[in-house]
Structures are given as structure tokens and as C-alpha cells.
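Trainee: Using the hints, put the two standalone chains together into the complex.
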Amino acid sequence: SAVISQKPSRDICQRGTSLTIQCQVDSQVTMMFWYRQQPGQSLTLIATANQGSEATYESGFVIDKFPISRPNLTFSTLTVSNMSPEDSSIYLCSVESPGDGGQYFGPGTRLTVT
Amino acid sequence: QKEVEQNSGPLSVPEGAIASLNCTYSDRGSQSFFWYRQYSGKSPELIMFIYSNGDKEDGRFTAQLNKASQYVSLLIRDSQPSDSATYLCAAPINTGTASKLTFGTGTRLQVTL
Chain A
1 SAVISQKPSR
11 DICQRGTSLT
21 IQCQVDSQVT
31 MMFWYRQQPG
41 QSLTLIATAN
51 QGSEATYESG
61 FVIDKFPISR
71 PNLTFSTLTV
81 SNMSPEDSSI
91 YLCSVESPGD
101 GGQYFGPGTR
111 LTVT
Chain B
115 QKEVEQNSGP
125 LSVPEGAIAS
135 LNCTYSDRGS
145 QSFFWYRQYS
155 GKSPELIMFI
165 YSNGDKEDGR
175 FTAQLNKASQ
185 YVSLLIRDSQ
195 PSDSATYLCA
205 APINTGTASK
215 LTFGTGTRLQ
225 VTL
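Top line first, the protein sequences correspond to chains A and B.
Just so you know, we're using my numbering here: the first sequence kicks off at 1 and counts up by one.
Just so you know, we're using my numbering here: the second sequence kicks off at 115 and counts up by one.
Chain B extracted, bound-state conformation (with noise of 0.2 angstroms):
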């Protein structure tokens, strides 16, 4: 079983709904999960982190951690055409001198007009 698992979509949603991006996760021991979004021939962007249970909002992004099922979200209000993106699901991997991330695939999402 993979560390990080994602759908990799793509997921397409009209513009103006909420998308929900999920993401699961094998380690329990995992404490804190990042999302990345990713523009094609761009570098991974950080829009949110979350560490506890429960929800975290930013703007038009919540994020959502429930450890008990091993499951995190990301949702987006209001999608724009501009969130059309690869959105990348992190977890840390901590060694005790660093944090590294494993990485699920990725889930493509695709806001139509």
C-alpha cells in the first residue's frame, strides 16, 4: 500500500461549485499533511497545511483531517477556471532529524466554464 493515495482524476467541476480533492493515507504516526498545487510545467505550490482534527479554512480552500480514518480533503469554494491544477497530498515522514514528504500522485482537476 502506497504511503499517500490520491484519485488521480482527472476531477471536473463547473465553475462556481465546490471541489473535493481526498486523499488517504497508511501511517497513523502521521501528524501534519500538506497540499500542493501544481500548474503544468510549474513547480509545486504550498496552499495549505493542516495538523489537527477537524477543519482549517483559508480564503476559498478548508482543508479536512479526520486521523481516525486516515483520510484528509481539500475542499475549494466558488472554482474558478484559474484552479484548474494538479493538487498534490503530502505527509511528512519524520526521521527524528527531518521531516521529509512522500507525495501521493496527484489529482487533476479541471474547472469547466
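Just chain A, same shape as in the assembly (with noise of 0.2 angstroms):
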């Protein structure tokens, strides 16, 4: 399996800020999603991030808000714009394996808007 890191784990930020979540990868993919799961939720996926082209968004999540770059095949960002207490959540970076198929996540990112 993958071994996946995000930074940073948690953060608490204010309204209107900003935030960039790093996800890194110890080996190539091809693709990387992002989820988010609010407070007792489940997960819901945010986008798609293929290395080389534009992220593919779900319906809902719209690039101005959730702006993603890929620029290499072990790493993605997430940015979570114009912040509102509404996106308090955890986002997670997951990556299909290409050994064995499965989709594994990394630890997430604990986010709090004030």
C-alpha cells in the first residue's frame, strides 16, 4: 500500500483566510482524490487531481473554492478559500494504489474556522 502524509494536521484559521493542505505520496500515482468528512459525516469527495491537467470537481465543489494543483505524481495540493465556519472539517488525500488496487488515505487534515 501507499504510505501517504498531509500537512498540516490540524489548523484553526478565521474566517476569510485561506488554507493550503499538502498531500505526499512515497510513490508515483496517477490519480489523487480529495474527500472531505464534516463533523460526524461520512466522506464525501471533493475532486479528482490528475498530474497535468485540470482537477475534476463533484457537483457542489467548485474550483474558486477548492483550488487544486498537481504538479508531479506524488504530490497534490488543497486550498479551502475565503474560509467560512461551514468548511470545519477534516480533508483527506487518497491515492488508488497501483499495486494491488485499493484506495488508501492519508492521516488527514483537521480544520476549524472561527
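None of these hints come from the bench; they were simulated from the model.
Quantities reported herein were computed from a predicted structural model and do not represent experimental measurements.
The C-beta atom is built at its ideal place from N, Cα and C for all residues, glycine as well.
Take the hints with a grain of salt, since some may be wrong.
[Stated by the list, open to error] Partner residues are not named here, just some residues of chain B that face chain A (Cβ under 7 angstroms, in silico):
hint, residue
1, 160
2, 214
3, 215
4, 219
Mentor: Written out as C-alpha cells, the structure is:
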């Protein structure tokens, strides 16, 4: 399975500001996925990031709010822009392992917006 | 109808018993299913995935898939208190270029002493 790290692990931010979350994988992967898990809820896919092209966003998520970069096959960033308290969530990146086809998650970034 | 459905629980089983977690899905085209375990405050951990009809066993865990009934389950034998967690069922939505996961709401399992 892939080893995935995320930075920061948690942050407390003021409304109206932006936070960029980094995701690093220990092997090259084609697709990286960004999910959100709101308090007490299950996971919701935000977008799929493919190296060399624009991210594909799910219904309800837009690039202006959640810009994503994917500069190479082991790294991606998700920015949460112009934050409001409703953005308080855990943000997770995941990758599909080319070895076994399983999808593995990073440790997550716990964001609190005040 | 949600694409992947689970009973939210909590499901309470005594230590040493078999815990049975169930999941139904709506897309007959789904080809694979994933079970994740999530401890409170942690990220989901992949514990099993299954592609074929029938059973797949890994240690104390058995995944069962019935495509005709659109039903997938996870059995945990000899349940331990450390198995107490939320179990998430997920199915990929294939777009042709990526496999995205859609998750059930999760079932909270409590293993009691």
C-alpha cells in the first residue's frame, strides 16, 4: 500500500482566510483524490487530481473555492479559500495503489474555522 | 436512493462474538467494494476489498458479496474491544479515467466486555 502524508495535521483559521493543505505520496500515482468529512458525517469526494491537467470537481464543489494543484506524480495541494465556519471539516487525500488497486487515505487535516 | 447504504448502528456485540456489518448498493455496474475501519479522530483504514461474488477471508475478517442482491457484508469473527470503530462501505464510480469512491454513512460497532 502507499504511504501518504498530509500537512498540516490540524489548523484553526479565521473566516475569510485561506488554507493550503499538502499531500505527499511515497510512490508515483496517476490519480489523487480529495475528500471532506464533516463532523459526524461520512466522506464526500471533492475532486480528482490528475497530474498535468485540471482537477475534476464533484457536484457542489467549485475550483474558485477549492483550487487544487498537481505538479507531479507524488504531490498535490488543496486550498480552502475564503473560509467560513461551514468549512470546518477533516480534509483527506487518497490514492489508488497501482499494486493492489486499493484506495488508501492520508492521515487527514482537521480544519476549524472561527 | 443513496448509492451505498448502511445501518448507522450502533451495533453492539459481546467480546468473542461474530459481528456482521451490512451494506447495500444501487448501481448494478459496481464491480468492487471496499471496507474501511475508522477510529474516532483517525482517517479511514482499508481493511478489505472484494471484486467477485462469494466470500473473501483475511484473518478474522470475511467479506461477502452478492451481486444479484446488490449486497455486501463484512463479518468479524472473535470480536475484540479494539474492533470498536465505525466501518465504512464504499464502491467506486468509474468514470473511464478514474475510480472515485462513494461511501456509505458507516456503521458504528461496539464490542463489549
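Trainee: Confirm or reject each hint.
Mentor: Results of checking the hints against the structure:
A distance limit of 7 angstroms between C-beta atoms decides the matter here; for residue 160(B) the minimum to chain A is near 5 angstroms, and the interface restraint holds. Annotation: interface hint on residue 214(B) holds; nearest CB of chain A at approximately 5 angstroms, less than 7 angstroms. A least Cβ separation of about 6 angstroms between residue 215(B) and chain A falls short of the 7 angstroms threshold, and the interface hint therefore holds. For residue 219(B), the interface hint holds, the least distance from its beta-carbon to any beta-carbon of chain A being 5 angstroms, beneath 7 angstroms.
No hint from the list above goes unmet by this structure.
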